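Below, each chain spelled out in residue letters.
There are 2 protein chains.
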Amino acid sequence: MSRITAWAVEGIGEIRPGDQLGDIVADACSGAPNGPLEDGDVLVVTQKVVSKAEGRLVPVDASDPLSHKVLVEDEAVRIVRRRGDLIITETKHGFICANSGVDLSNVERGYAALLPLDSDRSARRIRDIVRARLGVNVGVIVSDTFGRPWRKGLTDVAIGVAGIAGVVDLRGTPDSLGRIMQVTEVAVADEIASAAELVMGKSAGIPVAVVRGVDPEWLRESDINEIVRPPQEDLFR
Amino acid sequence: MSRITAWAVEGIGEIRPGDQLGDIVADACSGAPNGPLEDGDVLVVTQKVVSKAEGRLVPVDASDPLSHKVLVEDEAVRIVRRRGDLIITETKHGFICANSGVDLSNVERGYAALLPLDSDRSARRIRDIVRARLGVNVGVIVSDTFGRPWRKGLTDVAIGVAGIAGVVDLRGTPDSLGRIMQVTEVAVADEIASAAELVMGKSAGIPVAVVRGVDPEWLRESDINEIVRPPQEDLFR
Numbered sequence: 674m675s676r677i678t679a680w681a682v683e684g685i686g687e688i689r690p691g692d693q694l695g696d697i698v699a700d701a702c703s704g705a706p707n708g709p710l711e712d713g714d715v716l717v718v719t720q721k722v723v724s725k726a727e728g729r730l731v732p733v734d735a736s737d738p739l740s741h742k743v744l745v746e747d748e749a750v751r752i753v754r755r756r757g758d759l760i761i762t763e764t765k766h767g768f769i770c771a772n773s774g775v776d777l778s779n780v781e782r783g784y785a786a787l788l789p790l791d792s793d794r795s796a797r798r799i800r801d802i803v804r805a806r807l808g809v810n811v812g813v814i815v816s817d818t819f820g821r822p823w824r825k826g827l828t829d830v831a832i833g834v835a836g837i838a839g840v841v842d843l844r845g846t847p848d849s850l851g852r853i854m855q856v857t858e859v860a861v862a863d864e865i866a867s868a869a870e871l872v873m874g875k876s877a878g879i880p881v882a883v884v885r886g887v888d889p890e891w892l893r894e895s896d897i898n899e900i901v902r903p904p905q906e907d908l909f910r
Numbered sequence: 674m675s676r677i678t679a680w681a682v683e684g685i686g687e688i689r690p691g692d693q694l695g696d697i698v699a700d701a702c703s704g705a706p707n708g709p710l711e712d713g714d715v716l717v718v719t720q721k722v723v724s725k726a727e728g729r730l731v732p733v734d735a736s737d738p739l740s741h742k743v744l745v746e747d748e749a750v751r752i753v754r755r756r757g758d759l760i761i762t763e764t765k766h767g768f769i770c771a772n773s774g775v776d777l778s779n780v781e782r783g784y785a786a787l788l789p790l791d792s793d794r795s796a797r798r799i800r801d802i803v804r805a806r807l808g809v810n811v812g813v814i815v816s817d818t819f820g821r822p823w824r825k826g827l828t829d830v831a832i833g834v835a836g837i838a839g840v841v842d843l844r845g846t847p848d849s850l851g852r853i854m855q856v857t858e859v860a861v862a863d864e865i866a867s868a869a870e871l872v873m874g875k876s877a878g879i880p881v882a883v884v885r886g887v888d889p890e891w892l893r894e895s896d897i898n899e900i901v902r903p904p905q906e907d908l909f910r
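Chains as they are written, first to last, in my numbering: chain A, 674 to 910; chain B, 674 to 910.
Keep in mind the hints are simulated off the structure, nothing from the lab. Treat each hint with caution, since some may be false.
Since the list gives no way to pick out one identical chain from another, each pair is judged satisfied if it fits inside one copy or across any two copies.
[To be verified] Calculated cross-link-like contacts (lysine-lysine; reagent style DSSO-like; alpha-carbon spacing at most 30 Å):
| no. | residue 1 | residue 2 |
| --- | --- | --- |
| 1 | Lys765 | Lys742 |
| 2 | Lys742 | Lys825 |
| 3 | Lys765 | Lys825 |
Just so it is clear, the structure is predicted and the values come from calculations on it, not from any experiment.
Bound conformation, chain A alone (with noise of 0.2 Å):
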């Protein structure tokens, strides 16, 4: 029967600058009550516990609530849309999000979160010294939080993979009367972020979690280019 699990890893504690990520998340999956991890399990860590870890930090007006937002042009490649204080952006890695992803929330008072560097090589850190400390080949998906146009509410998506397909071209695969199917490109690390977030609960702050019983076949070299659509081939900017 085809089926997924997904869990939040419990016992990870404070994140900061410096700390290895990989090891602490390796400590927290390696026994009871939350591993052992296997073969072909996903784990998804939140961008926040990134970028604390890689010292993505930078001081603001502890008593602006608003002190963030003079980081965002810095952290944009062009702002795509503007209506009061909230700002969609372009970021340098090609996502569209409110602030260029910088914000207050579950950072240190006095301190704004940016977006990690290379999200895909923080990924793949957490990767290899999982493997290299546990012997099991797991997926990465670095997540974050992005609303999105036309719907309301928030999703959280991938902006960072390593050994886990970004999208999934099911394209010439027969659809259930066998017929060919024109195409279905099914973005699989969203669709893990998302069922991940489903466990971790923003206000817990749990920013691991584990999603066990993915395809094997997504399990493959990849990187977040996969997802990110170029200009070109967009409708909407």
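Starting from the structure of chain A, add chain B where the hints point.
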């Protein structure tokens, strides 16, 4: 431990106009290998089988792979973007998606499927029949596969809900450092639909999944307008 599990429901055959989908789902979920269902489970049912059961099928020229395009404008209130064969429209329901949601995949050759007229009502009917037949209170999501701007690949989202929140408002909940979060509205119905997609598999053609373990507070009355962003709040149309 916070944990969710999702599995595809086996044994649901081809759905035809006039079929009572709630009974078919209740039968499939009432025993091995899929059941029994429990209070708080969420059933995710793909749009295609809802449309088939409700007779939302239109004859088209079987020899023309673009035959459904003639239906797209009828189902739209507005053309949002057009490039070559790709038409992005706003539907009568307020969804913005390719081809007004009209498509040919997993439909008998010579027919196109339209979106259900009211997917909330479709979801409520399934929920009510499952409750009456099996004595369990479940949430039901009708899901469809949509593209999105800026990111490649498709993800499954909710187009109808019954007994499960569309968006959960975490405004005012303290973050992990004890501060009040400014705003985090999580589109949990879309995230649950995405988690279900991971197990349903387009080509396998399994149209129903069960997601177990969602936060019991999310099991409440709702409708799709929790998710559809009103035009006046939208920066991208």
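So, going through the hints one by one against the coordinates:
1. Lys765 with Lys742: This pair counts as within: shortest intra-copy Cα distance 17 Å, inter-copy 37 Å.
2. Lys742 with Lys825: both (22 Å within a copy, 28 Å between copies)
3. Lys765 with Lys825: Classified as both: same-chain Cα gap 25 Å, cross-chain 17 Å, threshold 30 Å.
Checked against the numbered hints above, the structure violates none of them.
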